[in-house]
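So the chains spell out like this:
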Amino acid sequence: MKEYTIDCLGEACPVPLMKTEKKINSIEVGDVLIVQIDHSCAMKNVPEWARTQGYNVEIDEVADGEWEVVIEKTK
Amino acid sequence: MKIIWEKLEKNQYYTAIFKNPFTYVTGAILLSVLQIALLASSGNPWGVSGAFANWGAWIFEAVGGSVDKWFYFSSEGAQNTLKGGFLNDTGSIQNAGIIIGALAATLLASQFKLKKIKSVKQVIAAVLGGLLMGYGARLAFGCNIGALFSGIASLSLSGWVFALALLVGAFIGSKLLAKFFM
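Here the protein sequences line up with chains A and B, keeping their order. Everything in the first sequence is counted per this note's numbering, starting at 1 for the first residue and increasing by one. Everything in the second sequence is counted per this note's numbering, starting at 76 for the first residue and increasing by one.
Derived from the structure by calculation, the hints contain no laboratory data. Each hint should be verified, as a subset may be incorrect.
[As the list claims (entries may be wrong)] Cross-link-like lysine to aspartate or glutamate pairs, in silico, EDC-like; alpha carbons within 20 Å at most:
1) B:Lys191 - A:Glu58
2) B:Lys94 - A:Asp60
3) B:Lys188 - A:Asp64
4) B:Lys188 - A:Asp7
5) A:Lys75 - A:Glu61
6) B:Lys85 - A:Glu66
7) B:Lys193 - A:Glu66
8) B:Lys190 - A:Asp64
9) B:Lys85 - A:Glu58
10) B:Lys77 - A:Asp64
11) B:Lys190 - A:Glu21
12) B:Lys193 - A:Glu68
13) B:Lys193 - A:Glu58
14) B:Lys85 - A:Asp64
15) B:Lys77 - A:Glu61
16) B:Lys188 - A:Glu21
17) A:Lys44 - A:Asp64
18) B:Lys82 - A:Glu68
19) B:Lys85 - A:Glu61
20) B:Lys188 - A:Glu68
21) A:Lys44 - A:Glu21
None of the values given here were measured: they were computed from a predicted structure.
Let's have the full structure, built from the sequences with the hints guiding it.
This is the structure:
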């Protein structure tokens, strides 16, 4: 299991989601992708998209207005 | 103070109302109800970008310019609005409300953050996008609020025409976004 991080701080929607979709295709099943965001709408659309793909998702509020969306590529 | 905050953070009503984002359905219902209230109380459908043109005119006049001869501001109504000033323009007050309300919402959710600028590319795209949107909204006599949302809510065909154009624009925009920002 490998862990990848993409830095989407300072990026507005839909860029974080587009980067997430692109990155998740290049990682192996079982790997974990951490998406760093500070745009509250990405806090909604990134996890929602990942859940519709059937991945495990967790959101951590790491600071005021800053989140890490942790996505486990389960399949 | 810290104890109050820690208590508040765990309060289910606080998290439901101020912290977590509303669902799209909740947002849609609130928007619908509030735009009806706005139309009933002010007599005008909700619009956003029109008032910004007035702000631009006021700033231009403040630095010594004049928009009297501009076609856009040539109607008597537009001239009266400009003469009436900020406090008498309901659209301007609404926009000030949006800005103050958005600031209050992000502060109440404890999510206020000054975001860093990532690249020069981002600045160029933002400025270019802003100019195109502002100019386009004035050509169309409305933005996605005045022309689309209020247009469709007023059962006007123009709202649907605007929606079609918006879809085409969003499609091209997303292609450009993928090309330059991915």
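Status of each hint after checking the structure:
1. B:Lys191 - A:Glu58: violated (25 Å)
2. B:Lys94 - A:Asp60: holds (14 Å)
3. B:Lys188 - A:Asp64: holds (7 Å)
4. B:Lys188 - A:Asp7: holds (16 Å)
5. A:Lys75 - A:Glu61: violated (26 Å)
6. B:Lys85 - A:Glu66: Holds. Lys85 (chain B) to Glu66 (chain A) sits at ~19 Å (cutoff 20 Å).
7. B:Lys193 - A:Glu66: holds (15 Å)
8. B:Lys190 - A:Asp64: Cα-Cα ~11 Å, so holds.
9. B:Lys85 - A:Glu58: holds (18 Å)
10. B:Lys77 - A:Asp64: With a Cα-Cα distance of about 15 Å, the restraint between Lys77 (chain B) and Asp64 (chain A) holds, given a limit of 20 Å.
11. B:Lys190 - A:Glu21: With a Cα-Cα distance of about 23 Å, the restraint between Lys190 (chain B) and Glu21 (chain A) is violated, given a limit of 20 Å.
12. B:Lys193 - A:Glu68: Roughly 18 Å separates the two Cα atoms, so the pair holds.
13. B:Lys193 - A:Glu58: violated (25 Å)
14. B:Lys85 - A:Asp64: Roughly 16 Å between the alpha carbons, so the hint for Lys85 (chain B) and Asp64 (chain A) holds.
15. B:Lys77 - A:Glu61: The given pair, whose Cα atoms are some 18 Å apart, holds under the 20 Å limit.
16. B:Lys188 - A:Glu21: Violated, at roughly 26 Å.
17. A:Lys44 - A:Asp64: Holds - the C-alpha atoms of Asp64 (chain A) and Lys44 (chain A) are around 16 Å apart, at most 20 Å.
18. B:Lys82 - A:Glu68: Between Lys82 (chain B) and Glu68 (chain A) the Cα gap is close to 24 Å, so the pair fails against 20 Å, i.e. violated.
19. B:Lys85 - A:Glu61: Holds, because 14 Å separates the two Cα atoms, which is no more than 20 Å.
20. B:Lys188 - A:Glu68: holds (15 Å)
21. A:Lys44 - A:Glu21: Holds. Lys44 (chain A) to Glu21 (chain A) sits at ~15 Å (cutoff 20 Å).
Going down the numbered hints, you'll see the structure goes against 1, 5, 11, 13, 16, 18, while the others check out.
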